[in-house]
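A.B. asks: As a plain string of letters, each chain reads:
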Amino acid sequence: MIERWNRDQVLALAPDASSKKAAQGVSSPGKWSGCGVTADAVWGECKGSGSKPYRACVDLSEPAYRCNCPSRKFPCKHALGLLLLWSADGVPAAEEPADWVAEWLEGRRGRAAKAAEAGTARAARAAEPGPADGRRAAQREQRVTAGLSDLERWLADQVRQGIAKSRRHDQWDELVKRLIDAQAPGVAGSLSRLGAALDGDDWPARLLSEYALLHLLCVAHRSLPLRVGGGSEVRSGALDDEAVRGEAAPVGLLEKVRDRIGFPMTKEEVLSRGTVRDLWDVLGRRDEEHDRLIARRVWLRGRATGRAALVLSFAPVGQALDASLVTGTTIDADLAFYPGSAPLRAVVAARHDTARHDTARHDTARHDTVRRDPAHRDPAHDDLAHRDPGRHGDVRDGPAPHDVARDRGAMAGPPPGLTVEQALDEVAEALAGDPWLDSWPLVLEGVTPAGSGSRLLAGPSGGLPLHPSAGTPWRLVATSGGHPLTVAAEWTPRGLRPLTTWDEEGRVIVL
Amino acid sequence: MSTSAEWEDLVSTALVGTDRRPLPGQEASEVELLGRAAVHTLRMRAGRRPVAAGEPSAVAAPEEQPAVSRAAGERLSRILGGEQPRLLTEWLETAAARGYRLSPHLLPELLDHAAKDRSIRPHLGVLAGNRGRWLAGLNPAWAFLLEEVTGAATTGSDEVSEIWEFGTFGDRRVHLGALRATDPARARELLAAGWEKETAEDRAAFLEVLVTGLSPDDEPFLEAALDDRRREVRNQAADLLTRLPGSRLALRMAERVARYVTVSGGEIHVTPPVACDSTMERDGIRAKPPRGTGERSWWLQQAVARTPLGVWPRLLGRPPRDLVRMKIVDWGRELMAGWVRASVIQGDPEWALELFAWDPLADLLAALPRDKQEIVAADFVRRHGLDGQLIMVLGGAAAPWGPVLATAVLQKIIDVSGTQPWNLGELARLAGERVDPTLHDMAGRLSPEPPIQEVAALLRFRDDMLKELR
Chain U
129 MIERWNRDQV
139 LALAPDASSK
149 KAAQGVSSPG
159 KWSGCGVTAD
169 AVWGECKGSG
179 SKPYRACVDL
189 SEPAYRCNCP
199 SRKFPCKHAL
209 GLLLLWSADG
219 VPAAEEPADW
229 VAEWLEGRRG
239 RAAKAAEAGT
249 ARAARAAEPG
259 PADGRRAAQR
269 EQRVTAGLSD
279 LERWLADQVR
289 QGIAKSRRHD
299 QWDELVKRLI
309 DAQAPGVAGS
319 LSRLGAALDG
329 DDWPARLLSE
339 YALLHLLCVA
349 HRSLPLRVGG
359 GSEVRSGALD
369 DEAVRGEAAP
379 VGLLEKVRDR
389 IGFPMTKEEV
399 LSRGTVRDLW
409 DVLGRRDEEH
419 DRLIARRVWL
429 RGRATGRAAL
439 VLSFAPVGQA
449 LDASLVTGTT
459 IDADLAFYPG
469 SAPLRAVVAA
479 RHDTARHDTA
489 RHDTARHDTV
499 RRDPAHRDPA
509 HDDLAHRDPG
519 RHGDVRDGPA
529 PHDVARDRGA
539 MAGPPPGLTV
549 EQALDEVAEA
559 LAGDPWLDSW
569 PLVLEGVTPA
579 GSGSRLLAGP
589 SGGLPLHPSA
599 GTPWRLVATS
609 GGHPLTVAAE
619 WTPRGLRPLT
629 TWDEEGRVIV
639 L
Chain R
292 MSTSAEWEDL
302 VSTALVGTDR
312 RPLPGQEASE
322 VELLGRAAVH
332 TLRMRAGRRP
342 VAAGEPSAVA
352 APEEQPAVSR
362 AAGERLSRIL
372 GGEQPRLLTE
382 WLETAAARGY
392 RLSPHLLPEL
402 LDHAAKDRSI
412 RPHLGVLAGN
422 RGRWLAGLNP
432 AWAFLLEEVT
442 GAATTGSDEV
452 SEIWEFGTFG
462 DRRVHLGALR
472 ATDPARAREL
482 LAAGWEKETA
492 EDRAAFLEVL
502 VTGLSPDDEP
512 FLEAALDDRR
522 REVRNQAADL
532 LTRLPGSRLA
542 LRMAERVARY
552 VTVSGGEIHV
562 TPPVACDSTM
572 ERDGIRAKPP
582 RGTGERSWWL
592 QQAVARTPLG
602 VWPRLLGRPP
612 RDLVRMKIVD
622 WGRELMAGWV
632 RASVIQGDPE
642 WALELFAWDP
652 LADLLAALPR
662 DKQEIVAADF
672 VRRHGLDGQL
682 IMVLGGAAAP
692 WGPVLATAVL
702 QKIIDVSGTQ
712 PWNLGELARL
722 AGERVDPTLH
732 DMAGRLSPEP
742 PIQEVAALLR
752 FRDDMLKELR
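Protein chains in written order, with the working numbering: chain U, 129 to 639; chain R, 292 to 761.
Check before you lean on any hint, since a few could be wrong.
[Unchecked claim] Listed next, the in silico BS3-like pairs over lysine-lysine satisfying Cα-Cα at most 30 Å (straight line):
#: 1; chain 1: U; residue 1: Lys-175; chain 2: U; residue 2: Lys-305
#: 2; chain 1: U; residue 1: Lys-149; chain 2: R; residue 2: Lys-758
#: 3; chain 1: R; residue 1: Lys-663; chain 2: R; residue 2: Lys-618
#: 4; chain 1: U; residue 1: Lys-148; chain 2: U; residue 2: Lys-242
#: 5; chain 1: R; residue 1: Lys-663; chain 2: U; residue 2: Lys-148
#: 6; chain 1: U; residue 1: Lys-148; chain 2: U; residue 2: Lys-175
#: 7; chain 1: U; residue 1: Lys-305; chain 2: U; residue 2: Lys-293
#: 8; chain 1: U; residue 1: Lys-293; chain 2: U; residue 2: Lys-242
#: 9; chain 1: R; residue 1: Lys-663; chain 2: R; residue 2: Lys-758
#: 10; chain 1: U; residue 1: Lys-180; chain 2: U; residue 2: Lys-148
#: 11; chain 1: R; residue 1: Lys-618; chain 2: U; residue 2: Lys-148
#: 12; chain 1: R; residue 1: Lys-758; chain 2: R; residue 2: Lys-407
#: 13; chain 1: R; residue 1: Lys-758; chain 2: U; residue 2: Lys-175
#: 14; chain 1: U; residue 1: Lys-149; chain 2: U; residue 2: Lys-175
#: 15; chain 1: U; residue 1: Lys-149; chain 2: R; residue 2: Lys-407
[As the list claims (entries may be wrong)] Non-contacting residues of chain R with respect to chain U, defined by C-beta distances greater than 12 Å in every case (computed):
#: 16; residue: Gly-316
#: 17; residue: Glu-323
#: 18; residue: Glu-354
#: 19; residue: Arg-366
#: 20; residue: Ser-368
#: 21; residue: Ser-394
#: 22; residue: Leu-401
#: 23; residue: Phe-457
#: 24; residue: Asn-714
Simulated from the structure, these hints should not be mistaken for laboratory data.
C-beta: ideal position from N, C-alpha, C; glycine also.
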């Protein structure tokens, strides 16, 4: 049986504040009838304004939502209200899902399997570029090169003339447009976020740092061999170690530079590079709005691999964001990482949902269709892949690393963490792979909020400062009471942003 | 040059520009500067050492009270998150009465609430536990918590004198109240012993405690308090003395009103005082009327309000039932208002019942004993239309409402939902909050009408809530 999520975890799935409020309005038992919950689904009928009740259902393993109300919000208030009711232990357990629920679950899982097959096929096609792709790619290379050399010149001009007059927020607008035209959206994005470097008294130092790192990116792009083998073959996914070793440049760094500049990479390409299976702790998330688009960052860390991951998703303001990763849960999944040194960004390639493992009534046949792996399996990239395809998905019988991880408890209690020194070492190593890194998820073990205003997370040998915008993290301080605890936080160059902690009962506290 | 000095130098050079301040011995100073700055930036980011954390701060003391259950804590989060926000006080009050403490992570939010809303502070004093007081010591905005009753005052009674000598104001008040309930004389002596050293606010608040176990033995102490420097203290003492029919104050008042009020020819005749002398003022009659009230009218009302109600039947020769219905020649409104006030201060059920028929006030309803209160309120609901007065009067009916009042109110909701459903909101909410929550089944079966179902849902929510807090 999946552990019930707590209220914060459910509310964190809401697409916006008004949805949160609306969901609470439909979360009382009186609104619902015909409710039930099995190991992997919760459902119920909610009385709306019309004569027929709305039927809402949540597949807890993903989670995925369905409701026949006309709302465009996703998940809608009924799905959220149902989850709130469930989180308050207001939904009775059922042996089997209701007919309409079973039908939907069946259909959805069938579609998921088909989509996975289609994805595999697409990924295969994407790996074979046609001649037009080659021309377009070559054109893009030229535009990027021209755009970046403009940027390099502009940066040099700034430093020659002095940045003292640079404390203006609109000064990069022209340049941002130029780099978008030059098809370097990554650099354009970094430039458009420079305004943040202008707060505070130390702005000249921070702005110089940002300029210097942009300069470094331009220089890296100029100096690293981007055309491997001399032909029109430029897609980074097609670079192979052999060719790059000839140029004496690390392929990972090269890919990272191209990623930072903003060369696109389709999900299929990412998936085609192999996956990493682990039990991933969902550490926390943050939504940020930029140009009417909300970017959702979800940070994870693997229990067995110790790898950090960032899953990004986007949605226009007011529309549904991907809510499948619930803070404080642990998922058994294959993650495919974007290429480059210090890989962080990843997509969830496939989930092997722990929720289903303990229920005998799921027949193996269904397991196989559901768990068809969408990604190409490249053994070199996939050291943790399940080796026995007949039983994959069953963690208890899986390879050793999963047993170890599972022993720690998949849902209850904090994930394993690092000491302050280990965390600093890990960040240093990540920076060595990606000098432009500005965010890295950490789990710190045995730290206490300390110092003036509790703005440090301190271990026995010293502390890490929090980000200045974090203020005093009262919820964290209250949970700690001066005692050490485990804290998940986002490292940034200016300090840590606390994400999640676990109280003495092992309960997830979203900060 | 040290690394940090070198970095400072790069920043100040970049500020003025390499055109004006080239790097020594460099051709393309600006490119060199950007390169060096990149190296420095990465060095600083990657080479960070742990910061000295200073002296570890004191840890919070271990908790002595039991924590609320997980389910109860989650329901509190729901209430704080906007689901049934009006039930916050009931949750806190119930949990505090049982001596529970909160999960620490909820404390900051509740302390912020209490910083704005004083009414929940006393409950929080208990619920916050040692962790809460530890937090309040870290944040001046929450320092109010340190003055509230702690869990210690209600649980441990060993260090009685400790609490009275050194406890928070809230703890001392609870301590005095508990002592008063068991040994009224000792409580009074304890209070009298340190009386002069207490602040004026504390003196008034401690006097309030004496309402429990009030007896003629308290009279000398209260009579002396009529000479206090602070008006709040004098008023409080006068209110208490009013409840003691044999007190010197009561006798003085009876003497006064005998000069003002007489009966002749089956009518009541009133001659209000023409002056407010210092002895009247000492007995709690305020000389200066509020705006819009005449002096004589004001003095009369106050004198009547402070006169023991038992005086009137003797003075005027008729029972309360007749008195409130007699013709009053002049100043009738003032006399009746004085009686209303007296009934409320003295908590006299007989007078309150008679006066409620004349002027249905929530305060008069509140002065009735529970069973009577419910019957009177139910009767009023049946006879009265849905308006602001109905809501106000029901505010005087103490929760939880039993089946009699609950049925009357729910029936009213059903009646009104057919004619003016837009008006139901407040009545439905009040019913949901006041009706005995174990009646939710009865309420739900009464009618499928949405307002009734909403009341039933709210009652079920409260029923679950109270069960979780057992």
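A.B. asks: So, for every hint listed, does it hold in this structure?
C.D. replies: Checked hints:
The hinted pair formed by Lys-175/U and Lys-305/U fails the criterion: a straight-line CA distance of about 50 Å is larger than 30 Å. Between Lys-149/U and Lys-758/R the alpha-carbon distance is near 25 Å, which keeps this suggested pair within the 30 Å criterion. The suggested pairing of Lys-663/R with Lys-618/R holds, with an alpha-carbon distance near 28 Å, which does not exceed 30 Å. Taking the CA atoms of Lys-148/U and Lys-242/U, the gap is near 33 Å; set against the 30 Å cutoff, the hint is violated.
The hinted pair formed by Lys-663/R and Lys-148/U fails the criterion: a straight-line CA distance of about 44 Å is larger than 30 Å. With a CA separation close to 18 Å, the supplied pair Lys-148/U and Lys-175/U stays within the 30 Å bound. Simply put, Lys-305/U and Lys-293/U have alpha-carbon atoms about 21 Å apart, close enough for the 30 Å limit, and the pair holds. Of the supplied pair hints, the one linking Lys-293/U and Lys-242/U is violated, its CA atoms being roughly 58 Å apart against a limit of 30 Å.
Between Lys-663/R and Lys-758/R the alpha-carbon distance is near 28 Å, which keeps this suggested pair within the 30 Å criterion. Between Lys-180/U and Lys-148/U the alpha-carbon distance is near 24 Å, which keeps this suggested pair within the 30 Å criterion. Distance check on the hinted pair: Lys-618/R and Lys-148/U sit about 61 Å apart at the alpha-carbon level, beyond 30 Å; violated. Taking the CA atoms of Lys-758/R and Lys-407/R, the gap is near 29 Å; set against the 30 Å cutoff, the hint holds.
About 26 Å separates the Cα atoms of Lys-758/R and Lys-175/U, which keeps this hinted pair within 30 Å; it holds. Of the supplied pair hints, the one linking Lys-149/U and Lys-175/U holds, its CA atoms being roughly 17 Å apart against a limit of 30 Å. For the proposed pair Lys-149/U and Lys-407/R, the alpha carbon gap of about 22 Å is at most 30 Å, so the pair holds. No Cβ of chain U approaches the Cβ of Gly-316/R within 12 Å, the least distance being about 17 Å, so the stated non-interface status holds.
With a closest Cβ-Cβ approach of about 10 Å to chain U, Glu-323/R is found to fall inside the 12 Å limit, against its non-interface label. A cut-off of 12 Å between C-beta atoms contradicts the statement that Glu-354/R is not in contact with chain U; the least separation is 9 Å. Not every CB of chain U is more than 12 Å from the CB of Arg-366/R (nearest about 7 Å), against its label as outside the interface. With a closest Cβ-Cβ approach of about 5 Å to chain U, Ser-368/R is found to fall inside the 12 Å limit, against its non-interface label.
Ser-394/R, annotated as away from the interface, has a beta carbon of chain U within 12 Å; the closest lies near 7 Å. Interface exclusion of Leu-401/R from chain U breaks down, the closest Cβ pair being 10 Å apart, not more than 12 Å. Taking the minimum C-beta to C-beta distance to chain U, about 24 Å, the non-interface status of Phe-457/R holds against the 12 Å cut. Its beta-carbon lying about 20 Å from the closest one in chain U, Asn-714/R satisfies the requirement of being farther than 12 Å from that chain.
Hint compliance for this structure: hints 1, 4, 5, 8, 11, 17, 18, 19, 20, 21 and 22 are broken, all remaining hints hold.
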